[in-house]
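Undergrad: Working from the sequences, and respecting the hints, build out all of it.
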Amino acid sequence: MLAAIQLTLDETWYLVLAAMIFAIGATGLLVRRNPLVMFMCVELMLNAVNLTFVTFAKALNDVGGQVVVFFVMVVAAAEVVVGLALVVAIMRRRQGADADDISLMRG
Amino acid sequence: MRVEMFVFLVSACVCLGGALGVVLLRNPVHNALSLVATLFGVAVLFVAQGAYFLAAIQVIVYAGAIVVLFLFVIMLLGVDRAERLGMEPIAGQRVAAVIAGVAILGLSLTALLAGAQRVTGAESSLAPLDPGVPDINRLGQVLFTDYVWAFEITAVLLTVAVVGAVVLARRSPGPPIDTDEFPDGTVPDHWEAEYDAAIAGDGTGGGSAVDAPAIDAPEAVATADTEEVAG
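Residue numbers (the numbering used here), protein chains in the order written: chain P, 958 to 1064; chain U, 30 to 260.
Simulated from the structure, these hints should not be mistaken for lab results.
Even for Gly, the Cβ is constructed at its ideal location relative to N, Cα and C.
If a hint is listed, it holds; no wrong ones were tucked in.
Just so you have them, the derived chain U footprint on chain P, three or more residues with Cβ under 8 Å:
id: 1; region: 969 to 980
id: 2; region: 987 to 994
id: 3; region: 1000 to 1006
id: 4; region: 1010 to 1021
id: 5; region: 1025 to 1032
id: 6; region: 1037 to 1046
TA: Listed below in structure tokens is the structure:
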């Protein structure tokens, strides 16, 4: 099963590192309750995927992977701006709110 | 190859340490600073793989703009204190979350390491990375020819995001939207409406009388919140 592990540095090492960062970010998103920290964990997952894209761009010699990373960064910036504005609007209504307090749409 | 391996190992340690810091540290400011470590490590790995332009963008946009925005919001809201860990809304939720994270890691590692072929897919034939041309030139050519429609849509997206952030961050008039969650009158967060009423009723009267409820109210909110949790 582990036959692909070699002692020379190839793209598998980068992919394994990206998988680890993604798993840590996903776990943090599920565990933490502070909305700001949850956003940071989303950023971790996005960066892991960016690392995967750049690795494949180098492995397959294709610039398309780097273009996708460019667009992911733009969308991540927009997402953070809107998300932090939402957090500010919610925190202004209720000091110290965490993800469990934001239950108005619970139904 | 030895230098590349050394660079990879060092930046991988920085990345993983920063990622663990984001998840495990209690203080949001420390989380943001750990995120900077991870972003910088990823930027180093971009350089090691020849994506120089993306590494620069990573440092400028992520570490320079996004994390600073995070820190700005943390300082603005004053949430730089430890998270309450006593209450767990769903029983066993943290254990389930850790199990889910380990499952995600195991799934991706199995997909990566079990296959005989390391990287599937064909070599590029339409947009190759030419080693003679800098990657920023190559990226610009592709971005303004093949992906020009997506690029224009990106401009619209950024405009909408800026407008949305401004609209969301405005203080809207009227009572708080979550009044119906506390029908028995124990609303801890009406200090803003009271502040507006004080301004409207008082007119240009004494400024200190107007300021007093706005300054006292957040502390009262905090104590009410902790009492609610304790009780």
